[in-house]
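Undergrad: Protein sequence lines correspond, in order, to chains Y and E. Be aware that the first sequence starts at 47, since it is given in the working numbering, and climbs by one per residue. Be aware that the second sequence starts at 47, since it is given in the working numbering, and climbs by one per residue.
Some hints here could point you the wrong way.
Pairs of lysine-lysine residues, derived as BS3-like cross-links and limited to a Cα-Cα distance of at most 30 Å, are as follows [as the list claims (entries may be wrong)]:
no.: 1; chain 1: Y; residue 1: LYS215; chain 2: E; residue 2: LYS235
no.: 2; chain 1: Y; residue 1: LYS426; chain 2: Y; residue 2: LYS114
no.: 3; chain 1: E; residue 1: LYS100; chain 2: E; residue 2: LYS148
no.: 4; chain 1: E; residue 1: LYS159; chain 2: Y; residue 2: LYS215
no.: 5; chain 1: Y; residue 1: LYS389; chain 2: Y; residue 2: LYS373
no.: 6; chain 1: Y; residue 1: LYS235; chain 2: E; residue 2: LYS227
no.: 7; chain 1: E; residue 1: LYS235; chain 2: Y; residue 2: LYS227
no.: 8; chain 1: Y; residue 1: LYS400; chain 2: E; residue 2: LYS167
Just so you have them, the derived chain E footprint on chain Y, three or more residues with Cβ under 8 Å [said to hold, decoys possible]:
no.: 9; stretch: 221-230
no.: 10; stretch: 261-267
no.: 11; stretch: 374-380
no.: 12; stretch: 401-413
These aren't lab readings, by the way, just hints derived from the structure by calculation. We treat Cβ as the ideally placed atom computed from N, Cα and C, and that holds for glycine.
Number of protein chains: 2
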Amino acid sequence: MSPRATKKKTTRKTASKRRKMVTDATDRHTIGCIDSTASTLYQRILRKGKPELKSPVRSLSNVHFDPKVGYLEIGKSRKVRTLTVNTVKSFAQTLKMMHLSKEMIGEDTFATKREAYYVSKNWDEARFDEQSESDTVMDDIEAMFSLDGVSREQLRFYPEEHGGAVAGKLVVVDRDPVSGKPIDIDCTKFGTGAYTIPHSVEHLEFKTRAKFILAIETGGMFQRLQSHGFWDSANCIIVSMGGVPTRATRRFIRLLADARKIPVYAFVDCDPYGISNIYRTLKVGSGNAAHLNKFFCVPQARFLGVTPADIEDYELPTHPLLDVDVKRAKDALKNDPFFKHSKPWRKAIEQLLKMGVRAEQQALAKWGLNYVIEEYLPAKLSASKAFLP
Amino acid sequence: MSPRATKKKTTRKTASKRRKMVTDATDRHTIGCIDSTASTLYQRILRKGKPELKSPVRSLSNVHFDPKVGYLEIGKSRKVRTLTVNTVKSFAQTLKMMHLSKEMIGEDTFATKREAYYVSKNWDEARFDEQSESDTVMDDIEAMFSLDGVSREQLRFYPEEHGGAVAGKLVVVDRDPVSGKPIDIDCTKFGTGAYTIPHSVEHLEFKTRAKFILAIETGGMFQRLQSHGFWDSANCIIVSMGGVPTRATRRFIRLLADARKIPVYAFVDCDPYGISNIYRTLKVGSGNAAHLNKFFCVPQARFLGVTPADIEDYELPTHPLLDVDVKRAKDALKNDPFFKHSKPWRKAIEQLLKMGVRAEQQALAKWGLNYVIEEYLPAKLSASKAFLP
Chain Y
47 MSPRATKKKT TRKTASKRRK MVTDATDRHT IGCIDSTAST LYQRILRKGK
97 PELKSPVRSL SNVHFDPKVG YLEIGKSRKV RTLTVNTVKS FAQTLKMMHL
147 SKEMIGEDTF ATKREAYYVS KNWDEARFDE QSESDTVMDD IEAMFSLDGV
197 SREQLRFYPE EHGGAVAGKL VVVDRDPVSG KPIDIDCTKF GTGAYTIPHS
247 VEHLEFKTRA KFILAIETGG MFQRLQSHGF WDSANCIIVS MGGVPTRATR
297 RFIRLLADAR KIPVYAFVDC DPYGISNIYR TLKVGSGNAA HLNKFFCVPQ
347 ARFLGVTPAD IEDYELPTHP LLDVDVKRAK DALKNDPFFK HSKPWRKAIE
397 QLLKMGVRAE QQALAKWGLN YVIEEYLPAK LSASKAFLP
Chain E
47 MSPRATKKKT TRKTASKRRK MVTDATDRHT IGCIDSTAST LYQRILRKGK
97 PELKSPVRSL SNVHFDPKVG YLEIGKSRKV RTLTVNTVKS FAQTLKMMHL
147 SKEMIGEDTF ATKREAYYVS KNWDEARFDE QSESDTVMDD IEAMFSLDGV
197 SREQLRFYPE EHGGAVAGKL VVVDRDPVSG KPIDIDCTKF GTGAYTIPHS
247 VEHLEFKTRA KFILAIETGG MFQRLQSHGF WDSANCIIVS MGGVPTRATR
297 RFIRLLADAR KIPVYAFVDC DPYGISNIYR TLKVGSGNAA HLNKFFCVPQ
347 ARFLGVTPAD IEDYELPTHP LLDVDVKRAK DALKNDPFFK HSKPWRKAIE
397 QLLKMGVRAE QQALAKWGLN YVIEEYLPAK LSASKAFLP
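Based on the provided sequences and hints, a complete structural model is requested.
TA: See below:
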C-alpha cells in the first residue's frame, strides 16, 4: 500500500467530479481577499519592510452593543502581528492555512478544524504539533477576514457540528453535490422526521410564506410540535436548537429570516441558561467571538417564552434556582451589554431572581401533554407584541 | 387565565385531529399486555392475595452473550415486587404510568421522560417529587414489558434525543402526522443537508437497493461523504452516529438492516472509545440495559475501520493512548462478553495496546482531504470479508 503515491490524483479526481456550491461571486470575493492579503505581504518583503498581519482585538474591551445594530459588535481595536524570528513559524502556518483555504475553494471542498490539523502533517517544518495550535491560527484567520465580511465557512473551514432539525412551511433550495442541479427540499414532507441543516448553509436559498420561525430549545418539544403538525395549523417553520444553537443553526435562521423577512420567536426554558446563554447567543451572539456575530446572530429574534410571568400565569411546576443559576443571572444583569440595555429584560431577570425558581418548557405538560399546542402557543402568539425583546 | 379549565378539551381536540402512527396490530398487542398485567393484579386483589409485578433482574450477573444470538441478552432471573405498606406509593405510580401509556396509545401521542414526570404533578398523592423517581418507574415498566417484546417506544415513552442524520440510496416511508397519508422521503434529494431520524421509528418502512449501510462516528466525516456524493458512487446509505448512537439511531439501523437484509459497516475512530463504546453499543448493545438489546442492537454490524492495522498500513498521524484509554481497552479484554468471545477482536485490541497510540478517522486527511473517499473506503470495501466481526 502506498498512500503517498495516490495523494495528488485523489484531489484532482474529486475536484473534477463536483460543481461549485457557492456562487462564483462569493468565492471570487474570498479569493480576492486572500490574494490581496498575500500580495500586500509580498510587496512589503520586496521593499525590505517588515511584513505584518492585522486582525481585530478579540477581548471584551473591544466589544460594544448598539441596540440599533442589534448584536454585540467587535470594536475598532486591531492587533498587528509582525514577522520576526520569534513569530516565523506561526506566520508561515497562517500563510499555509490561507493557501489551503484558496485551494479548497478551487477544488470545491472543505475541511473541519480537525482535518486542517491533519492536512498540516504534510507541511514539513510548518506542521502543527497540537490541534490547539492549528485551531488558534484558524481563529486568527477567521477574525482577520471577518474585517472583509468573509466568514469561516466562506474560507471553507466547516464546523464539525451540523445544524438542528427543521420542519414546516419551507422549501430549502440546495444543489445536488455532484451534478450541481438545484434541489427543492420541502420541509412539510418529512412525516415524523425532519430536515437536518448542513454544516455550511451559505449557498442555500428559501421559498416560504410562513408567518414566523419558532426556534425551540429541546428535541422533545420539537418532536411534539412536529408530530402534531403544529407548523401546519400555525403556518410556521420550526427549528430544534438542541440547547445553545450551533453556528450552522444560527446562520441558517439568520439567512432565512433576512431573505424572507420573517420574524423569529424563541421558545426555551425559563432559567438563566435558557435566557442568557441560549437566547442571548441566538439573538446578539457572544462577547468572546464578537467578530463572528455579524454573520451568526439573529437580531430579529424575540422571546416568546417561557417567561418568568408564565410561571405564575400558568402555575407551572418549578425547581429552585441553583447557585450557578443565580450567578449566571446576576452576571447577565451586571456585565452583559445586551441585558444592561434592555429594561424589560432587567425587570424579567430580577423577577426570576426574586421568585427563586426556574421552569422547563416541558413543565406545561402538567396541563396535558398537548396543552402547549392547543392553548399555550396560540395564546402567546396572539399577543406577539408583548414578547420580550 | 385558567389553564385547568381547558385541559380536558385540549387532549380531546388533539386526539381527534390525528391518525394512528403505529399499525393497529402493534398497538393492540401493547394494550393487551397492559390490560393483562393490570387484570392479573386486580384478580389477585379480589382473591385477597398479595399483588405483585415481575421484571427481569437488571444486573450484569443476569446478562450473557451467545455468539449465535449476536447481542448481550438478559437472562432468566426475575425480580418480584409485592404490594406492601412500604411499596404502596411506587406500586401506585407504576400503575398510573401504565395507565398514562394506555391513554397515550388511544390518543396517538407520546411523552418524554421529563414530560411524564410533569404529567404526574396532577396525580395527587401519587405525584413524583423528583424526575429521577419517575425515570426509575419508567425503566421498570420498560423492563417488565420487554418480556412481552414491547419496547418503551411502543408504550409511547419517547427519548428526548432524536436520531442521527441520514443520506443516500434510501426512501423512508413515513406518514403525514395529521392526515395519516404515507409520505415517501427520498434520501438522495437533500443536497448538502440530510434526513433527521425521528425520536420513534417503529412505524417507518423502507425502500432501497443499497448495497450497505455505513454508520459513521463523526458529523464532519458524514458531511464529507454527503457533500461529495460518496453514497452515489458506492450505492449505499450513510448514517451519522455523532458518537455513541442514540436509541433512535440504533433502532433505525436495525429495522432498516433487518427489513432489507443489508449489511451494516461501522466507520469510527481507532481508539478504545470508538471500539468498545460506539461500535460495541451499536452491535451488541450494553450490559447495563440488556433487556433493551433485542430491540436496539444491530448484530449484523461489522467493523470497517479505522483498525489498528490501518494505523500502520496508512501511516496515520496518532496520539498516545491516555490512561483512560488503556483502562477501557483492558476492561474490554477482561470483562466484556462480546470481546472475550472474539479472537480477532482480542488480537486487535492487544495490538492497539502494544502500539500505545490511537488514530481518528479524520487522520486520513493527511493524504488529502478526499483520500478517504477516493482511496481508503474503496480499498476497504473491496475486502469486506476481512472486516472485524
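Undergrad: Please go over all the hints and tell whether each is borne out by the structure.
TA: Evaluation of the provided hints:
Distance check on the hinted pair: LYS215 (chain Y) and LYS235 (chain E) sit about 18 Å apart at the alpha-carbon level, within 30 Å; holds. Distance hint between LYS426 (chain Y) and LYS114 (chain Y) is fulfilled; the C-alpha atoms sit about 26 Å from each other, no more than 30 Å. Between the alpha carbons of LYS100 (chain E) and LYS148 (chain E) the distance comes to roughly 19 Å, so the proposed pair stays at or under 30 Å and holds. As the CA atoms of LYS159 (chain E) and LYS215 (chain Y) are separated by approximately 29 Å, the hinted pair is consistent with the 30 Å bound.
Simply put, LYS389 (chain Y) and LYS373 (chain Y) have alpha-carbon atoms about 20 Å apart, close enough for the 30 Å limit, and the pair holds. Our distance criterion of 30 Å between C-alpha atoms is met by LYS235 (chain Y) and LYS227 (chain E), whose separation comes to about 11 Å. Between LYS235 (chain E) and LYS227 (chain Y) the alpha-carbon distance is near 11 Å, which keeps this suggested pair within the 30 Å criterion. For a cut-off of 30 Å, the pair hint linking LYS400 (chain Y) to LYS167 (chain E) stands: about 24 Å separates their Cα positions.
Chain E is given as covering the stretch 221-230 of chain Y, and this holds because 5 residues of the stretch bring a CB closer than 8 Å to a CB of that chain, at least three being needed. Only residues whose C-beta sits within less than 8 Å of a C-beta in chain E count toward coverage, and the stretch 261-267 of chain Y has 3 of them, enough to reach three; the restraint holds. Coverage of the stretch 374-380 of chain Y by chain E is violated. Counting CB-CB distances below 8 Å, 0 residues qualify, and the rule asks for three or more. With 7 residues carrying a beta carbon less than 8 Å from a beta carbon of chain E, the stretch 401-413 of chain Y meets the three-residue requirement, and the given coverage holds.
Of the numbered hints given earlier, the model fails hint 11 alone.
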